[in-house]
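Chains as they are written, first to last, in numbering that gives the first Met the number 0: chain F, 0 to 404; chain U, 0 to 404.
Source of the hints: derived by calculation from the structure; they are not laboratory data. Built from N, CA and C at the ideal position, the CB exists for glycine as well. Be a bit skeptical, because a hint or two may be false.
What the hints assert, rightly or not - If you want the footprint, here are the derived chain F segments under chain U, 3+ residues with CB under 8 Å:
1. 95-103
2. 347-356
3. 363-372
Number of protein chains: 2
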Amino acid sequence: MSKGSWYELARMDTGKKNAFLGKLSKRLVESSDYILKENLKDLKSGKEKGLSNALLDRLKLDEDRIRGMAKGLNDIVALPDPVGKIDGMKRMPNGLLVGKMRTPIGSILIIYEARPNVTVDAFALCFKSGNSTILKGGSEAINSNRSLIKVIRDTLEECDIDPDVVQFIDTADRSVLNDLLRMDRYIDLVIPRGGEGLIRFVAENSTMPVIKHYKGVCHVYVDANSDLENALEIAINAKVQRPGVCNAMETLLVNRSIADRFLKMLKEGMDKHDVRLKGCEKTVKVLSGIERAVEDDWYTEYLDLILSVKVVEDIGEAIAHINKYGSHHSDAIVTNDYNNAMRFIQEVDSAAVYANASTRFTDGGEFGLGAEIGISTDKIHARGPMGLEELTSIKWIVFGSGQTR
Amino acid sequence: MSKGSWYELARMDTGKKNAFLGKLSKRLVESSDYILKENLKDLKSGKEKGLSNALLDRLKLDEDRIRGMAKGLNDIVALPDPVGKIDGMKRMPNGLLVGKMRTPIGSILIIYEARPNVTVDAFALCFKSGNSTILKGGSEAINSNRSLIKVIRDTLEECDIDPDVVQFIDTADRSVLNDLLRMDRYIDLVIPRGGEGLIRFVAENSTMPVIKHYKGVCHVYVDANSDLENALEIAINAKVQRPGVCNAMETLLVNRSIADRFLKMLKEGMDKHDVRLKGCEKTVKVLSGIERAVEDDWYTEYLDLILSVKVVEDIGEAIAHINKYGSHHSDAIVTNDYNNAMRFIQEVDSAAVYANASTRFTDGGEFGLGAEIGISTDKIHARGPMGLEELTSIKWIVFGSGQTR
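So that you can see chain F by itself, here it is in the shape it has in the complex (with noise of 0.2 Å):
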């Protein structure tokens, strides 16, 4: 890629950023036939390889899905442009006005699996922040990739923007990956969007900044003093809604105190949507019958219909546990006490935190960014949702009058 279609890109205006988006938008409609036919060669090598039905379904486009797409870009055409706004500006005693401009980061290399709507969905983030996109698709999804990114670069050169701000790895090849997460000089940061592993694998390899997404080991406390129909509603929303998500419940803790009556109130509501309970000693105690947990369990993301539940003494176990135990994602805890809630939100280390309210709610539309791009498991740039913003980095801009030092 050149430098020269970056600048390009970098000092665009939102106008012309969004007429192409809101063009895109369309042609990917107009191109559905196009586009499912590709993706039907897809879908039947992927069959031929012997694919789990998960994993074809992922790959799956349909006319919604194209539609889906569609939508979406319009949702990023709506969003404010991050690009030149002005942090902190402040006149300094020698008459230096210093301030922060929002700029473009440069180029952004997304390594993702088998969701063909990353391809649109991603480009569309990178390019209305600035960036250039390098998109390395995984193989099994190679012809319906590239007939998106076609669909993109005919559109950009519709709209008279350099087809080069979206770069395809057009190759089922996984090697070229070390060669690329060696390319320091021209790729300015990466973001793996998979599996645990194959985030590690990035992180571990690049010579670039990584943005990690790891999982999600979530918590929900019930404390003391709390409304035990809430905290159940909270508890069976965090588990159950989607559990499949990095944002679900995987670890129910509840006060001692309270133990016994709220986990005969859990063990009910959980049975009605077919969640399997393991319990720590005591709480095997109250609920005989289900699993006993072990060690490893308090540090598993089931990603299903199963929960670990631990009974603690107070609030500095529940904190204590989840800090140790957890993924330091999304927990919450369910209290009327306002100390114990003001507590916890300083005290656990995790991206979201919360008091009264579902885990669930870690996204970046729910929290007012408007779209995402993934969830960052980091403490550096970006944590928790990344939205338009968390794509950008930041020049000091300094108007000045002839001062020298």
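Chain F is already provided as a structure; the job is to place chain U on it using the hints.
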């Protein structure tokens, strides 16, 4: 390091942190004899090993330098504590209150060369922002560093703070670095302070995020419509006030239309400060007798009284030159043309971009950050001067009233 000692520090109130830093400032001065005795050992073995005078000077401590460190600590006491600051708190349509709270990052590894003052300075900035510090200093300073760490740890104990919030890698063996750089389970961030070789080694071998402080190939561009007297003043300041630092100017660009007049003024001005000029083809036609710059010179950080000089057609060529040959550190335009000033600020891709001021202002103190741990040339997490806030992360905090999704 136990996570426990970090959690204690992460939630320590500002008063206790400041009381400790103030006491440390006193204890350092009181321990001068001990510290200077240990420093003498390093100086002696440094001389035996044949270290250069410049290196020995950096290594050397005296009463004045110890008082300087002590004063630095009091300056850090006076800075606002970034931890716990809440940004952008808003009420979402479902009633959730969502905001971002600044939190410490965790544990920060500082790798540095033979400057013992970094031991105190870097530790104090990390401590005030709630982070544990792991210090790996240059082997030449090991006795000095060991004595400073002893004073720090003794004062921590005196103030009832777990001394393990600071760890000193007490070995002169450089191979230990390879192990340290793979300890991503225990270390959250690495900041190497030193030469380009060290930084590159750390960036390539660390499995943790690294914030890099590379060289500064900084420019001043003198535009067609500009006050030439002021342009000369800025150029001289940027070059000679402290030529050995990263924000000093290395290349001057001058608009063709004023080149004849300005280059003669420049030669006369720079001659007074013994600055050697290297010019492009057009420059040497005006200033006969000066050296001809070669391609490599445009990329070079001299850190010395040498200056590359180039005549450019217009502001477009100046910006293109800076973005191609510069190191994206600090660059300035001198102009009376409003539109050119605004264009330069927008289009130059550097950590600090100036209109009508010297590049020498790129500094935490000058930008109002109080102190700095360095000047990041990265675009991820921090760019430009890094103060206390740049040593923190955030967490999303959510106050609900029973919301589920």
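Using a Cβ cutoff of 8 Å, are there at least 3 residues of the segment 363-372 of chain F near chain U, or does the coverage claim fail? holds (count 3)
8 Å C-beta test of the segment 347-356 of chain F against chain U, three or more residues: holds (count 9)
8 Å C-beta test of the segment 95-103 of chain F against chain U, three or more residues: holds (count 4)
The structure meets every hint from the earlier list without exception.
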